[in-house]
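Colleague: As a plain string of letters, each chain reads:
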Amino acid sequence: DTAVSQTPKYLVTQMGNDKSIKCEQNLGHDTMYWYKQDSKKFLKIMFSYNNKELIINETVPNRFSPKSPDKAHLNLHINSLELGDSAVYFCASSRSGTTDTQYFGPGTRLTVL
Amino acid sequence: GENVEQHPSTLSVQEGDSAVIKCTYSDSASNYFPWYKQELGKRPQLIIDIRSNVGEKKDQRIAVTLNKTAKHFSLHITETQPEDSAVYFCAASKAGTYKYIFGTGTRLKVLA
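The listed protein sequences correspond, in order, to chains A and B. With this note's numbering applied, the first sequence has no gaps in its numbers, which climb one by one up to 113 at the end. With this note's numbering applied, the second sequence has no gaps in its numbers, which climb one by one up to 225 at the end.
Note that these hints are calculated values from the structure, not bench results. None of the values given here were measured: they were computed from a predicted structure. All C-beta atoms in this analysis are idealised placements derived from N, C-alpha and C, irrespective of residue type, glycine included. Among these hints, one or two may not hold up.
[Stated by the list, open to error] Some chain B residues flagged as far from chain A (calculated, every beta-carbon gap over 12 Å): (1) Val133; (2) Gln151; (3) Ala183; (4) Ile214; (5) Ala225.
[Stated by the list, open to error] Capping the alpha-carbon separation at 27 Å, the derived lysine-lysine pairs in DSSO-like fashion look like this: (6) B:Lys171 x A:Lys71; (7) B:Lys135 x A:Lys40; (8) A:Lys36 x B:Lys155; (9) B:Lys207 x A:Lys52; (10) A:Lys9 x B:Lys150; (11) A:Lys22 x B:Lys155; (12) B:Lys207 x B:Lys135; (13) A:Lys19 x B:Lys212; (14) B:Lys207 x A:Lys67; (15) B:Lys212 x A:Lys71; (16) B:Lys212 x A:Lys40.
[Stated by the list, open to error] Computed from the model, here is a short list of chain B residues facing chain A with C-beta under 8 Å: (17) Asn144; (18) Tyr145; (19) Pro147; (20) Leu159; (21) Ile160; (22) Asp162; (23) Phe202; (24) Ser206; (25) Tyr211; (26) Tyr213; (27) Thr217; (28) Gly218; (29) Lys222.
Using the sequences plus the hints, can you model the full thing?
Modeller: Next up, the structure:
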């Protein structure tokens, strides 16, 4: 009965590869997010989606392409992985917009070699 | 652009003492201020939040205060315990923006 889930938990890959991270929430929320947390623990918003529509794209390289097939899912595809993409990626959701509690997924630790 | 500054970046306290973490936000239209606790290797989890129409909120050993005029809000943890050791993040948001602005985090260590 996990509220926000992500797969995989760990991802180790070579530079130049393409990889995807999947996120699902069973809270009935309208808004979903992707965050990147670097080695210094800074939490940086990447994308916000509301009702499957992209709302926020925080100057993320276009190698990152989010896709929301429905309100409960928000996936992140990354092309041509670079060393600097190594980080923990968190998915999150909130009921509607940003004046409600945000729930985070467990994170995906991506290591690019 | 919007910004949230958080201080201190690290904080060590003796068990039983109080800890205070302070944040300042730049956008005066911000109206929701959550605090998250992130334990090592885990996800951030909400511990307390406050909305702009309230000046203070308390939940057992944790309290948050908000000064809208000064655009400051603070987290207060009393009677700290070793399990309070974690990284704490403040955030600010406003309705309709679909974006939370996070502070840079405070690593709290409670020494037994």
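Colleague: Hint by hint, note whether the structure agrees.
Modeller: For each hint, the structure was consulted:
no.: 1; hint: Val133; verdict: 20 Å, holds
no.: 2; hint: Gln151; verdict: 8 Å, violated
no.: 3; hint: Ala183; verdict: 21 Å, holds
no.: 4; hint: Ile214; verdict: 8 Å, violated
no.: 5; hint: Ala225; verdict: 23 Å, holds
no.: 6; hint: B:Lys171 x A:Lys71; verdict: 34 Å, violated
no.: 7; hint: B:Lys135 x A:Lys40; verdict: 19 Å, holds
no.: 8; hint: A:Lys36 x B:Lys155; verdict: 14 Å, holds
no.: 9; hint: B:Lys207 x A:Lys52; verdict: 21 Å, holds
no.: 10; hint: A:Lys9 x B:Lys150; verdict: 20 Å, holds
no.: 11; hint: A:Lys22 x B:Lys155; verdict: 18 Å, holds
no.: 12; hint: B:Lys207 x B:Lys135; verdict: 19 Å, holds
no.: 13; hint: A:Lys19 x B:Lys212; verdict: 25 Å, holds
no.: 14; hint: B:Lys207 x A:Lys67; verdict: 25 Å, holds
no.: 15; hint: B:Lys212 x A:Lys71; verdict: 17 Å, holds
no.: 16; hint: B:Lys212 x A:Lys40; verdict: 21 Å, holds
no.: 17; hint: Asn144; verdict: 6 Å, holds
no.: 18; hint: Tyr145; verdict: 4 Å, holds
no.: 19; hint: Pro147; verdict: 7 Å, holds
no.: 20; hint: Leu159; verdict: 5 Å, holds
no.: 21; hint: Ile160; verdict: 11 Å, violated
no.: 22; hint: Asp162; verdict: 7 Å, holds
no.: 23; hint: Phe202; verdict: 6 Å, holds
no.: 24; hint: Ser206; verdict: 4 Å, holds
no.: 25; hint: Tyr211; verdict: 4 Å, holds
no.: 26; hint: Tyr213; verdict: 6 Å, holds
no.: 27; hint: Thr217; verdict: 6 Å, holds
no.: 28; hint: Gly218; verdict: 5 Å, holds
no.: 29; hint: Lys222; verdict: 14 Å, violated
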